[in-house]
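Listed in order, the protein sequences are those of chains Y, L and S.
In terms of the working numbering, the first sequence is residues 14 to 201.
In terms of the working numbering, the second sequence is residues 260 to 680.
In terms of the working numbering, the third sequence is residues 10 to 236.
What the hints contain is simulated information worked out from the structure, not anything from laboratory work.
From the three backbone atoms N, C-alpha and C, an ideal C-beta is built for every residue, glycine too.
Heads up, a few of these hints could be off.
[Said to hold, decoys possible] Listed next, the stretches of chain Y that the computed footprint assigns to chain L, with coverage defined by at least 3 CB atoms under 8 Å from CB atoms of chain L: (1) 147–158; (2) 173–181.
[Unchecked claim] Here are some chain Y residues the structure puts well away from chain L; computed CB gaps all over 10 Å: (3) Pro22; (4) Arg55; (5) Glu74; (6) Cys103; (7) Arg113; (8) Glu124; (9) Lys130; (10) Glu132; (11) Ala134; (12) Ile168.
[As the list claims (entries may be wrong)] Some chain L residues near chain S, calculated using beta-carbon distances under 7 Å: (13) Val292; (14) Ile398; (15) Met402; (16) Leu435.
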Amino acid sequence: MAYISVKRPKFSLLDRLYVVELVKGLGITFKHLALSLVGKSRGKGDFSKEGVGVCMQFPEERWDARLPEYYRGAPTLVRGEDGRERCVSCQLCEFICPARAIKVTPGSVDENSSCAKQEKAPAEFEIDMLRCIYCGMCQEVCPEQAIFLSKEYLITPQDRKDAVRNKETLYRLGGTRKGLVNKWNQYK
Amino acid sequence: MTCICNWWNDLMSNPIWFYLIATILKLVLMFAVILAFVVLSVWIERRVAGWIQDRPGPNRAGLPLFLLERFGSKQKQPLKDVLHFFGIPETSWIAKLCTWLRFDREIPTFGLIQPCLDGGKLFLKQEFTPSYVRKAYFIVAPMLVLGPPMVAAAVIPFASSVETAYGTISMCVANLGIGPLWIFAVSGLSVYGLTLAGWSSNSKFPFLGGLRATAQLISYEVSMGLSVIPLLMMFGTLNLQEIVQFQADNGWTLLPLWGEGLSLQRWAMLAPLALSFLIFVTCVFAEANRTPFDMAECETDLVGGYHTEYSSMKFASFFMGEYAAMVIGSAIVVTLFLGGWSIGFGADAWVAAHCGPWWAVTAQFCMFLIKLLAFIFFFVWVRWTLPRFRWDQVMKLGWLVFLELAVANIFLAAAVMYFIQ
Amino acid sequence: MFESALCQIIFYVFAALALLCAVGVVAFRNPVTSAMNMALCFGLVSAILFGLGAQFLGIIQIIIYAGAILVLFVFVIMMLDIKAEEHSPASWLPAVGGTVVAAVFAGMVMSVSMNLPGAKDGSCPAKTLWDNIGELSLAPQPQQAEAPAKVTRFGGALPALSPAAAAKALNPDIAPEQAANATTYPDVKLVGHTLFTQYNIPFVILGFALLSGSVGAMALARKYRKD
Chain Y
14 MAYISVKRPK FSLLDRLYVV ELVKGLGITF KHLALSLVGK SRGKGDFSKE
64 GVGVCMQFPE ERWDARLPEY YRGAPTLVRG EDGRERCVSC QLCEFICPAR
114 AIKVTPGSVD ENSSCAKQEK APAEFEIDML RCIYCGMCQE VCPEQAIFLS
164 KEYLITPQDR KDAVRNKETL YRLGGTRKGL VNKWNQYK
Chain L
260 MTCICNWWND LMSNPIWFYL IATILKLVLM FAVILAFVVL SVWIERRVAG
310 WIQDRPGPNR AGLPLFLLER FGSKQKQPLK DVLHFFGIPE TSWIAKLCTW
360 LRFDREIPTF GLIQPCLDGG KLFLKQEFTP SYVRKAYFIV APMLVLGPPM
410 VAAAVIPFAS SVETAYGTIS MCVANLGIGP LWIFAVSGLS VYGLTLAGWS
460 SNSKFPFLGG LRATAQLISY EVSMGLSVIP LLMMFGTLNL QEIVQFQADN
510 GWTLLPLWGE GLSLQRWAML APLALSFLIF VTCVFAEANR TPFDMAECET
560 DLVGGYHTEY SSMKFASFFM GEYAAMVIGS AIVVTLFLGG WSIGFGADAW
610 VAAHCGPWWA VTAQFCMFLI KLLAFIFFFV WVRWTLPRFR WDQVMKLGWL
660 VFLELAVANI FLAAAVMYFI Q
Chain S
10 MFESALCQII FYVFAALALL CAVGVVAFRN PVTSAMNMAL CFGLVSAILF
60 GLGAQFLGII QIIIYAGAIL VLFVFVIMML DIKAEEHSPA SWLPAVGGTV
110 VAAVFAGMVM SVSMNLPGAK DGSCPAKTLW DNIGELSLAP QPQQAEAPAK
160 VTRFGGALPA LSPAAAAKAL NPDIAPEQAA NATTYPDVKL VGHTLFTQYN
210 IPFVILGFAL LSGSVGAMAL ARKYRKD
């Protein structure tokens, strides 16, 4: 590997006196300050309708529309297109979760279901939103593609019990997904 | 009624009681001003930082109107009701202005109470003391940081004196004959707080922060003391009240536009005085541990510096101490260089002659506060302009540049005073 | 009198606390605690000086000793191994040596103060000194010359510095009436005046001694490198 020697810039005496450059720097910051105060700051109108600068005034203005496809919000459970729960309670997400936010209680599927002897389903599935760090490892590890990170970012529980989401809530938030894994009928 | 009046008259006629009561009143005023300015300067810091970086800064923390509902009010939309009451249509510009000022949602404070709420939050947080610290010093250190700036404020004059029926009140808590020295000495003591905090934390980075604070303070205190000598040569006194009176009569140190200030000598003195100002202000920055000289707590190389191990109210004490030091630093710069409480252009004497002494004192007090605010703004402005110096650069600047400049400046000032009469 | 009694009480309280801290400097095993005691002691001594009206000396005491020298001490002490220091066995030899040095210093101070004018009369020497100057400045007024002005802020035990005497010392040509009218006590001017007139040459020599000391320290501390 070749070394590239970079020469330090030579400073003139005026530069080294520092005072002139200091005044120039103060001028630049003051320009920004003045422009902000009259509402003409850089980035004005980019995000915000009111206020100054590049900041979004949060509760009034939200960035929901600007969220990218890959945004990692709250994890949710999804159902397949046939309406069955995709989760087979293999507990891989529970093991991989670095924050130990997930707690799966395995159970069996309904006796009357067509796949009663074939698969399992979680009896209870809890995610503690106070522990979740939105890393997305559960989504990545899931062999059945049953857990997805949604775009939900406003999670404000009133107390600690509220923060734990149960299976019902998770399925409600997740909804239905099409395609991807087709359990037991890959030859369809 | 007359009984109380007589009693009060008797009490105030006793010089000791008069002195005590006047001093306590001044103390309370000064203390309130300092504490209010600590809060205010935190707000200024955050707002100005925001504006400089093209963002609004803390602009909320209003009192939300849903609190009214909680206390039993039935009205959902107080603003609408008020507008209806005055017969103002909801589309008029007044209504729009009110909406813009957020009157429909809250009683706006523009973020002014944000620092108070932050303080409240810190007060309620868990007080965590690591098991390996040296307890006694760990607890004492925050007090040693917060205390000295408050004590140093005692000699700063915030208005001229008033003749009352019982005696003269000098608007300065302690009218010592050694004003600037008192401030240097007492504010220099706050370094014990930083050093002890760093040492008692018993951990590497705080310790390095403490050592840096010590070395920096010693280095810059020397140039700070030397840089004010040209001023003292001009004023011929160390009493801050007299120094400000001199500036009120003969032009501020850096603005000699009236009185004796129009002489050739004063204008020639501007060169050494401007140099003094430069050195002194830089040293005040260094003493107050502000950027670009916040070596003791620089996050990039020392985690959090001397207060890494502190939490909750102890951390808040450090925080307040830093801002109190900034307020005191601004006050001393304003007093020595920018005319202190003097309104300028001979207006002090005019107000005193035409409106009475109490009005003069009030006007001077307001003037002092305005100047203080302006200089605090300058502090903040510099902080968000300059990056932090490297540690060896700080030492080099202190010992190799400022010390020599300050000594040479004394000779320059002496030459000006001797040759230009 | 209420005022003088109060001042006396304050003086003795501060003096007692200062002595206590001075003992603490020696008694504590932890060097940082010793240093902090010393800082406190300096502060208390300067409080005594403030009480006596010598504000300049008091504040110089804080700036130089508490604010600069002791901070350097603390700077060095903190880098020591405190645990080893705390558990090292006490040895008698340094204690005896220290006592001898302290005794020599105490003897010096005693001999100086005993040779001050009026010391052997059993009254306070400093008071006699100041009264003498006061007498000099007020000499032409016969009724006052007989009974020298006793501006006693600390009662009889300690001297107060009379503004008249200070004015006389600063400006020997001043008229006695004017000197008697002086109210403030310009101790900064007085110290400067004394230092730069009466003791000018020793002062300059001392400055050179300090300069050579600091240059010598630099020469010793600096590493010479061949390259």
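Of the numbered hints stated previously, which ones are contradicted by the structure, given in increasing order? 1, 2, 4, 13, 14, 15
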